[in-house]
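Can you make the complete structure from the sequences, with help from the hints?
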Amino acid sequence: MITISTLYPLKFYPILKEKVWGGTKLYELFHKNSKDNVGESWEISGVENNISEIANGPFKGKTLNWLLENYKEKLVGEKVYSDFENQFPLLFKFIDASENLSVQVHPDDALAKQRHNSFGKTEMWYILNVEKGGELILGFNQKMDKQKYLKSLSENKIPEILNSETVKKGDAFILNPGTVHAIGAGVLLAEIQQTSDITYRIYDWDRPDTNGQMRQLHTDLALDAINFNPPKSRMTYGQAKNTPVHIGTTDFFVVNKLVLSKSYRKDLKSIASFTVYMCLEGSTIIETDGYSEELKKGETILIPAQIAEIKFITNSASFLEVYIP
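Per the UniProt record's numbering, the very first residue in the sequence shown carries number 1; after that it's consecutive.
It is possible that part of the hints are untrue.
Using 20 Å as the maximum straight-line C-alpha spacing, the simulated DMTMM-like pairs for lysine to aspartate or glutamate come out as follows [as the list claims (entries may be wrong)]:
(1) LYS232 x ASP206
(2) LYS269 x GLU73
(3) LYS157 x ASP145
(4) LYS17 x GLU73
Because the hints were derived from the structure by calculation, they are not lab data.
Structural data, given as structure tokens:
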């Protein structure tokens, strides 16, 4: 067994998910080993039955759970391990919506714990690519309450009350639990979220799934989860090169954008958790003491909490930088 002192930047095999609304961009733009209708690439996952497998270095073939059980706070940080133990707390995805996703809502921690013994789902979206007219659904287009919502539901008029927002590359959104939402056709995005696969589907455009069956709706479960107040989801952030730019912070994660035009040394000592980089453009070599790893567009890497400093060797690359506050 390799020693703890040699923990290194970790890459994982993507877990690809075929979806009725999926497309081909994950293959065309990010070179994922995917076919048609692949909607999601789970880049790092601790979700039950979807545990990521390490794709590089001496631990290749081992699972994320194995890593956590053996390396604990060395991997995720002391506070994170104290809070979550052997449950990896975040899920990282790329999502390609060739068609509209179902309109859905996620429960918060309290409701998810009560109903499913699970975490809730706070999530963040970063828009990577948009075909003309690409939109997101975020909340309602009018003042809404439970009675008005139920009336629209009973009359099959849910699409008429949904708020659509046109989006462009670089837009970012934080979706708190209770926000009614959907990704629109033609949108490719990165998603960071709590480790949870709890989704309440409230409308699915009256379409069958890949097996020709109508997908289940969760009308009653969703009712208690919906926040009828207008969401404040869209993030505003600045632009700068060769220094992290803050996009947004939730109780569960911090997201920065890092655009590099030259090599860059990153001190990680002030970050008390692991750090994850999702490569949006370009490529880099990431160096630590005695180890180097290439990271290309559409790839994701986890820097263990034990590592105090990394160096990016590049002349052009951009990333989402994520860690736990």
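Structure-based check of all given hints:
1. LYS232 x ASP206: With a Cα-Cα distance of about 29 Å, the restraint between LYS232 and ASP206 is violated, given a limit of 20 Å.
2. LYS269 x GLU73: Since the Cα atoms of LYS269 and GLU73 sit roughly 14 Å apart, the hinted pair holds (cutoff 20 Å).
3. LYS157 x ASP145: holds, 15 Å
4. LYS17 x GLU73: violated, 30 Å
Violated hints for the displayed structure, listed by number in ascending order: 1 and 4.
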